[in-house]
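First to last, the protein sequences are chains A and B. Under the numbering used here, think of the first position of the first sequence as 21, with each following residue one higher. Under the numbering used here, think of the first position of the second sequence as 62, with each following residue one higher.
Heads up, simulated DSS-like pairs for lysine-lysine below, C-alpha to C-alpha not over 27 angstroms straight-line:
{"#": "1", "chain 1": "B", "residue 1": "K467", "chain 2": "A", "residue 2": "K128"}
{"#": "2", "chain 1": "B", "residue 1": "K266", "chain 2": "A", "residue 2": "K128"}
{"#": "3", "chain 1": "B", "residue 1": "K384", "chain 2": "A", "residue 2": "K128"}
{"#": "4", "chain 1": "B", "residue 1": "K469", "chain 2": "A", "residue 2": "K128"}
{"#": "5", "chain 1": "A", "residue 1": "K123", "chain 2": "B", "residue 2": "K384"}
{"#": "6", "chain 1": "B", "residue 1": "K384", "chain 2": "B", "residue 2": "K465"}
{"#": "7", "chain 1": "B", "residue 1": "K266", "chain 2": "A", "residue 2": "K237"}
{"#": "8", "chain 1": "B", "residue 1": "K469", "chain 2": "B", "residue 2": "K384"}
Distance ranges between label pairs, derived from CB positions:
{"#": "9", "chain 1": "B", "residue 1": "A462", "chain 2": "A", "residue 2": "L282", "range": "44 to 50 angstroms"}
{"#": "10", "chain 1": "A", "residue 1": "D129", "chain 2": "B", "residue 2": "L496", "range": "41 to 47 angstroms"}
{"#": "11", "chain 1": "A", "residue 1": "T29", "chain 2": "B", "residue 2": "R251", "range": "33 to 39 angstroms"}
{"#": "12", "chain 1": "A", "residue 1": "T98", "chain 2": "B", "residue 2": "A381", "range": "35 to 41 angstroms"}
{"#": "13", "chain 1": "A", "residue 1": "P39", "chain 2": "B", "residue 2": "R251", "range": "34 to 40 angstroms"}
{"#": "14", "chain 1": "A", "residue 1": "L282", "chain 2": "B", "residue 2": "A355", "range": "29 to 35 angstroms"}
{"#": "15", "chain 1": "A", "residue 1": "R276", "chain 2": "B", "residue 2": "P416", "range": "47 to 53 angstroms"}
{"#": "16", "chain 1": "A", "residue 1": "V247", "chain 2": "B", "residue 2": "R317", "range": "36 to 42 angstroms"}
{"#": "17", "chain 1": "A", "residue 1": "R63", "chain 2": "B", "residue 2": "A381", "range": "42 to 48 angstroms"}
{"#": "18", "chain 1": "B", "residue 1": "A381", "chain 2": "A", "residue 2": "Q273", "range": "29 to 35 angstroms"}
{"#": "19", "chain 1": "A", "residue 1": "P39", "chain 2": "B", "residue 2": "G212", "range": "45 to 51 angstroms"}
Derived from the structure by calculation, the hints contain no laboratory data. Since the structure is predicted, the reported quantities are computational estimates derived from the model, not experimental observations. Note that beta-carbon positions come from the ideal geometry of N, C-alpha and C, so glycine has one too.
The chain contents come next:
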Amino acid sequence: MPTSAARRTLHAPELPPSPFPYHPGSLLSINDLSLDALNHVLRRATELTNEDPLARARILPKRRVALLFYESSTRTRTSFELAAKALGCDTTLVSNLSSSIEKGESLKDTGLTIRALGAEAIILRHNASGAPWWLEACTHLPVLNAGDGMHEHPTQGLLDLRTILAHLRPGIAEVGPDTLAGVTVSITGDILHSRVARSNMLLLPRLGARVLLCGPKELLPDLAANVVPGVAIERNFESALKQSQVVMMLRIQAERLAGLQLDLEQYKAAYQLTGDRLRTLAPQAIVMHPGPIIRGLELTAGVADGPQSKILEQVANGVAIRMAVVERALTTSRTGDRA
Amino acid sequence: MSTLVIRNGHLIDPGAGVDAPKDILCKDNRVVEIAAPGKLKQLNGATDVQSIDAAGLIVAPGLIDIHVHLREPGQGYKETIATGTAAAAAGGFTAVAAMPNTTPVNDTADITRWMQSPERGAQVRVFPIAAATRGSKGETINDFAALKAAGAVAVTDDGHPILKDSIMRETLAAAARVGLSVIQHAEDTRLTQGASMNAGPVAFKLGLRGMPVEAESGIVERDIRLVTELRDARAHLHVAHTSTAAAIAAVRQARRNGLRVTCEVAPHHFLLTDEHVGCYNTHYKMNPPLRSAADRDAMIEAILDGVVDAIATDHAPHAAHEKEVEFERAPNGITGLETALGLCLRYLHGDLKMPLGRVLSLLSAQPAAVLGLKGRGSLAVGSCADAVIFDPKAEWTYRAAEGKSKSKNTPFDGWTMQGKVRWTVAEGRVAYTSLA
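Let's have the full structure, built from the sequences with the hints guiding it.
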């Protein structure tokens, strides 16, 4: 019902332009990357991977990168660390469990301390959505978002894209708005709590892909379809599978369910990726998962280890992408020029 | 005996139906005479007269904010009664009603009296609102007669809802027996666990848990049912900081049904939306949260239609270090006393063409009526000598750093305001002045 308020509109000031990212080398959201920047990162990921390891280690010799991790992580932390070290950086890990964070030090003070210790970039994993924005505002250092709460995980989006391109568009030199036209990527599982889903939802439609979100209402509210164009909801997993060239599965995030009760047996019956479902509904699709996987829950062991699974390739691509974004962070000056 | 005369101003007193050039004579704390310019009769022979020349300015009843957090006792690092009331005076307010979520909670006559003691250094009148239940825990109802005798003007558990049906019913009935209003912070906290903004597409995109509109409207609807049951007891429900179209609709219907249900809206809820949270700016975090554009428009509509009884700021100061944290961890609330008049004049009067008298009524006569504050909200003869004198044409830029409040947590820093307060007269005394 149109209200008469439409006729009586109040002209409050426009939203001020966002000051973020303060540092052009930061990667807070996948949307921080223009198409040019995206191509630069993808290209450098390949070039750095192919580079001679000794020559590569002379690219950013002794530059200081801090990994600040408020949540546990295997893949993201290790691949960021290996990526930075591969470029010759010194890295240091500050984790919430073995630092003054346990004593109540704020994110602001921890960030300023790390900067005073000489860090030139901070890689942040944090359980609060938006924490990288606050850290960047405090330190004005390039900040790489390694996952913030239920919000985003931009380097995961990039490594997923690199994986998808390797299989669906092998040898492509540059991506553009139509690169993934005709490709349907289904993302199934705990969308509500997933930062991986959000980064992929923002990234893949920009390249022409259709994203289908799949899961029960508790884990996938209807409004998720209204957040960005190019994203739709398909509640029926089998129907989603039938349409997909890329099948992305997500873990149920027990640590973020916040009292939500979920019948896991029912969930598995409706949404588990089994060998049968894959064979009959999506025999050509690639299967992806950001990890950690829970075998026997969102997918069976057979699927995880099967020929369509690209899960370990994703992990390997993580190092490539993270080398490129660490290099970008440390070689982009505050004015945005690349050194 | 102190005598104050306000000359040559244009008096707008919506409660008394005056909109004309008038001189006003106040003796001690009372208005004793209103007359055409130069025609005051009782001035003859008076000595020691303080005179304010209000030529070119509007003179109106002092503004009344029925929802502020002054943070004393116990949280003086955020605000004190002295600094909060100084901010009030700078904003044109001559009386504020102070919420009980202090440390300790104001649930006793002693604390209620302590807040009004001259040692607190209040610059304008403070009306304490006492806790409805012990410790605002929502379990055991306080002694309302004793609280009223000590000066409390209403009861509430603000910051928290009175959630249990039985306790809310008993609160409404007990308050009605002693003639107090019950102010409800309408939030079904069972639906808002861990949430830090409005539920909707913006919250989903930002990865923040959201507070659904039903968390507010569900409690308002429940409370209205209770008021209906207690119709014969003349229970009065006042809905604090209304933010959703659904809650407004419930209030509108209750009024049609002749119930004593009133509501207030805060400036941020008719100006801002959840889109303003932007990149996790904690100066846009409050409870209830900024809502969708449709809800925001419903607040405007309800203000214009007269469903809203009062503009109240929910002035909620917090220290910088408390807001300089991750969004989810920041406390709720923003300051509002120094910006309310400037925003209402700019947007309600300037933009939406609401008559000045009606805007001023929402900031004085009507809030006084909501809480039954006798002698307040009008400058009729015999009323308290509470006045705001402002230049309606002056535009100015609000700078939080220059504000009187101890805290600077406001989304309106740098906004252009309309209407500059030149004098605030509180109980016959100049509490604030800024000369052009």
